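Protein chains: 4
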Amino acid sequence: MNTFGTNFRITTFGESHGPAVGAVIDGCPSGLALGTGDIQPLLDRRRPGTSALVSPRDELDRVEILSGVFEGLTTGMPIALLVRNETQEPKDYEELRTLFRPGHADFTYQQKYGCRDHRGGGRSSGRETVGRVAAGAVAIKFLAEKGIAISGVIVSVHGKTGTAAIEAEILAAKNAGDSVGGIVEITARGVPAGLGDPVFGKLDAQIAGAMMGIGAVKGVEIGDGFEVAGRFGSENNDPITKNGFASNHAGGILGGISSGQEIVVRIAVKPTPSIAKPQKTIDIHGNEAEISIKGRHDPCIVPRILPVAESMLALVLIDSWLEQAKYHR
Amino acid sequence: MNTFGTNFRITTFGESHGPAVGAVIDGCPSGLALGTGDIQPLLDRRRPGTSALVSPRDELDRVEILSGVFEGLTTGMPIALLVRNETQEPKDYEELRTLFRPGHADFTYQQKYGCRDHRGGGRSSGRETVGRVAAGAVAIKFLAEKGIAISGVIVSVHGKTGTAAIEAEILAAKNAGDSVGGIVEITARGVPAGLGDPVFGKLDAQIAGAMMGIGAVKGVEIGDGFEVAGRFGSENNDPITKNGFASNHAGGILGGISSGQEIVVRIAVKPTPSIAKPQKTIDIHGNEAEISIKGRHDPCIVPRILPVAESMLALVLIDSWLEQAKYHR
Amino acid sequence: MNTFGTNFRITTFGESHGPAVGAVIDGCPSGLALGTGDIQPLLDRRRPGTSALVSPRDELDRVEILSGVFEGLTTGMPIALLVRNETQEPKDYEELRTLFRPGHADFTYQQKYGCRDHRGGGRSSGRETVGRVAAGAVAIKFLAEKGIAISGVIVSVHGKTGTAAIEAEILAAKNAGDSVGGIVEITARGVPAGLGDPVFGKLDAQIAGAMMGIGAVKGVEIGDGFEVAGRFGSENNDPITKNGFASNHAGGILGGISSGQEIVVRIAVKPTPSIAKPQKTIDIHGNEAEISIKGRHDPCIVPRILPVAESMLALVLIDSWLEQAKYHR
Amino acid sequence: MNTFGTNFRITTFGESHGPAVGAVIDGCPSGLALGTGDIQPLLDRRRPGTSALVSPRDELDRVEILSGVFEGLTTGMPIALLVRNETQEPKDYEELRTLFRPGHADFTYQQKYGCRDHRGGGRSSGRETVGRVAAGAVAIKFLAEKGIAISGVIVSVHGKTGTAAIEAEILAAKNAGDSVGGIVEITARGVPAGLGDPVFGKLDAQIAGAMMGIGAVKGVEIGDGFEVAGRFGSENNDPITKNGFASNHAGGILGGISSGQEIVVRIAVKPTPSIAKPQKTIDIHGNEAEISIKGRHDPCIVPRILPVAESMLALVLIDSWLEQAKYHR
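Chains as they are written, first to last, in numbering that gives the first Met the number 0: chain E, 0 to 328; chain B, 0 to 328; chain Z, 0 to 328; chain C, 0 to 328.
No lab work stands behind these hints, which were simulated from the structure alone. Keep in mind that the hints are not guaranteed to be accurate.
[Unchecked claim] Straight line, CA to CA, 30 Å or less: simulated BS3-like cross-link-like pairs of lysine-lysine:
#1 C:K276 x Z:K241
#2 E:K276 x E:K159
#3 E:K159 x B:K159
#4 B:K241 x E:K293
Because the structure is a prediction, the values reported are computed rather than measured.
Generate the whole structure from the sequences, applying the supplied hints.
Rendered as structure tokens:
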């Protein structure tokens, strides 16, 4: 459950307020030039403490490569990536030992495991994505060498578009002790035709699973997504010409296999459930209580989810790329 | 790629116009009463030829149980389910040997495999879902004995709601040589809290992958889905009371783990790409051509996708149910 | 548990006295010429009824290809292979409904599943290997096109070597209402250097698992096997010269990865547990009883295990071959 | 390839002379009391530098738990275990940058990956087993709470039995610049009947794969192993009485499923390939050369392989135990 991928497999570990977070990559081909300098920039994009729009938790998130790289090149052996947690403040979370935060995994983890690490959400914290992003950076580097580029943009936050409007909306929510959601679009260019598998291993199925596996994501669309439900087939089919497809309603995937067009994915991100405003909840004994969440939280996770979503798309694509390679020796 | 699930694993096989389609279930617990009578009704719900709204291909889809059941009970051994194809009319498809149908997998399969079974889409045909539904029926029976019930409804077709309006819309499209898409909602009641896993194995991630792995699905929502992007956290969080959650915006899943509430999933279904209206395309040599698709097609796949989507949700839930069981001996 | 392989995956199904046995292959590359004529000869080598040395059960074991082959070539889609059971005689086995046969899986299946198909061992019967051999034949054909040849020989039966001595030993055991074991050696020639993975995915680890997964096998050796325990390192290391290795004590595998030398595997096969001689046992209620096993049994399974062991080695090698291919595009 | 297990999955990482070695455990049930004190003793049993019989490399092998344990109990989250390498002396290995050591993985890794970490064998070093043993210690603790005990003994070294004779044999080999092999037996007591799966997932198949996946192992036997090849069925079958089985030739496994008897496994361990005596080899350019291996090596790996083999058996058994649990809720 903490492993993703079939060919390029990552296993992540670590809790928000434990000693460290990280990932082990298994299946990375040998011969890829790799150093911490390839990984740190993507980690820096997701790290908190960088502006008023995000959590003030000031983690430097310095990554260490523990294995799998020798004299600057990957060896084909597992690549262990480690990031120490430096600014744990578990005292901030003592109240959460017994209270379930609405919209969080507190209640369900307690039901499933009979216990939980209440400090900042433990494993269910967004801090878990450090491992994904560190591993994703390796995938992104590999893909870049194959001509595949991945990028993400914020489509909207709380219904607003445009950088200034979005920033204002986030700050307003923050000042109100509240939070806001949004929509993000991720695209991949340069993906060759033929990636993905029929039936259950469809490329879009893998992408949907990868994206919905990011905390806070509640919806996934490929290409035109829900809009296609209101269309005629004659409107929605992408005509094929000798110069390629005449449109891209399909978002670059047909029958679960990449068509060579740009792959387009959109995800719906819910407002951060940690808010200062008082909320109704219960404690682990079933008693009703009111909770006002303290600690260092993001009023909107949308900006920081971008490198995570890009990483997940990269992990799906490198996995499919390697899968396809074995049939085309 | 043709196997789904970790604990209750199904492997499907078969092409639209080959000798047979079917599935092998591995990991079904022993002692479940099972006969063809438990499977046939769900197959009948997805089979074509039943009304003017669906494809006239008249397959009886009689299922045979080849293994894994002894004296009326499952034995824990693999359950092989076979359905013979009876009304192949490959001559209908001779034109497709060289032409790529827009919106179909023809182009991408050819790119991936260097060849393809052009007869009715071969493996990319919706006929592949016979195996899913046959296996899904077994999962549905098992879950029912645990108090879990799954059902699906059509939310809208081409923007219309209401049975009469939907039927009129489908027939109008059919008469125009066109097709229409729609939205389907699947719910599961009686799911205990605690199913699903953290991180990559989140229950919603599994559901999203399962649903997007159904041909024609272009979007997946859990709970309120894309609507949450426009909300405040204080609106979107489901308050917890001693009588349970006060609302269900989350769709029954928190942190990737079932909360005990109803699980709610919506999917966007694209209009069937097979339409009689002429479309621009190319042949396998790259020459431009016009195509008008003959054969026995559905003007709207939405009604027949219901049992498929219910099956996929059942397959995810039985898998999670068994996964959870091992930690609660 | 009924699936073998990571890249070339086979799932087998069927019981000794159920309607059919078979296998589904997933992951076979497209473009391989394949017909029943490629599969039937290997099935014929394992089938019973061919001489006084083996079981008189006279199954023709005709294989049907249900999917995955189109116009004589594999398409990359799952290949379902079906063999109907034709000569079930379940009445022969009525006594076994309540008695546990010593040396058989009857007792352990009952313990594990709370039930079992007692007819000829059900799934634990050697008849299950029909699916392995049918799938193995496809692997053998693929490997042959890559220059890899697999063959097996009987090393000894009940301590005897030489065809005539072995046949006499088997017939003597049969006439005494008893059975005998033996040793089989399987070799693969033409395997390129580089197949197999470090650590848990070592080629010899995969082979050992594959061989010990054949019923009746109780020991596996690679290269010189147990003999190496009595050697000095200076005797056991294979010196390397510019013309290749000077010896092959290692059996073609170093550090879990093929060296390009011949791969050599030996397996110990126990005497068939089904014997006419009376044996002490208990029934399902715990009462002691004496059992004298009727039905159509092999006095020595060694001759019929050869095509099964060859198939298992082929399945390991094709899987490793495809795994390796993905890193050498 | 660096992951073992289906339910209790371990992923190991690290090279002999890299910064660290370790493992991530995924799927350990919550609520197990766990601290470094449960892991360190087994690591101490495998560590070098403890006597004249083993390598003088003096690693303390202090384990750190990075995640998955909260307030002394496992949480169900991945448990990352880290051991820093402290006494790397890569200069000892400079010669090996270009020379292939006979009997080692140097040649095959170079063939497979086109590169290799030559320092002490890199990933192919026995140092990789630190991760297995650290994870194995967790499995052993869990199993002990279920009444399952695992232990190993040296059967023979270079044909000698008895502690004094074995020690003399090892020291004699060491003084001669040579090495010796041996045989080890591992047993598990208290294993309930019903663990393991039919067909490919047989308990003995899993054990054989696990054992042959330990470097230096060239043969695996279950129960009486190769001896059964020379027996009659009437000798080899274990009669069943109302007090249990009357013998245990089968080694506690019937039809791939545990019978409740003691599980008995024997492995053949080859003499350490690293010897001071001069050997013929080639360099990476194909030129012939003589090699006399320096560095800190074990003249016999048999004593240190014991905790590794015990760990691997524990990992198989915990995996089967959890697998079985899910069908007996």
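Taking the hints in turn, this is what the structure says about them:
1. Between C:K276 and Z:K241, the direct Cα distance comes to roughly 20 Å. Compliance with the 30 Å bound is thereby established for this hinted pair.
2. Of the pairs offered as hints, the one joining E:K276 and E:K159 holds, with about 22 Å between alpha carbons and a cut-off of 30 Å not exceeded.
3. Of the pairs offered as hints, the one joining E:K159 and B:K159 holds, with about 28 Å between alpha carbons and a cut-off of 30 Å not exceeded.
4. Restraint check for B:K241 and E:K293: satisfied, since their Cα atoms lie roughly 23 Å apart, inside the 30 Å limit.
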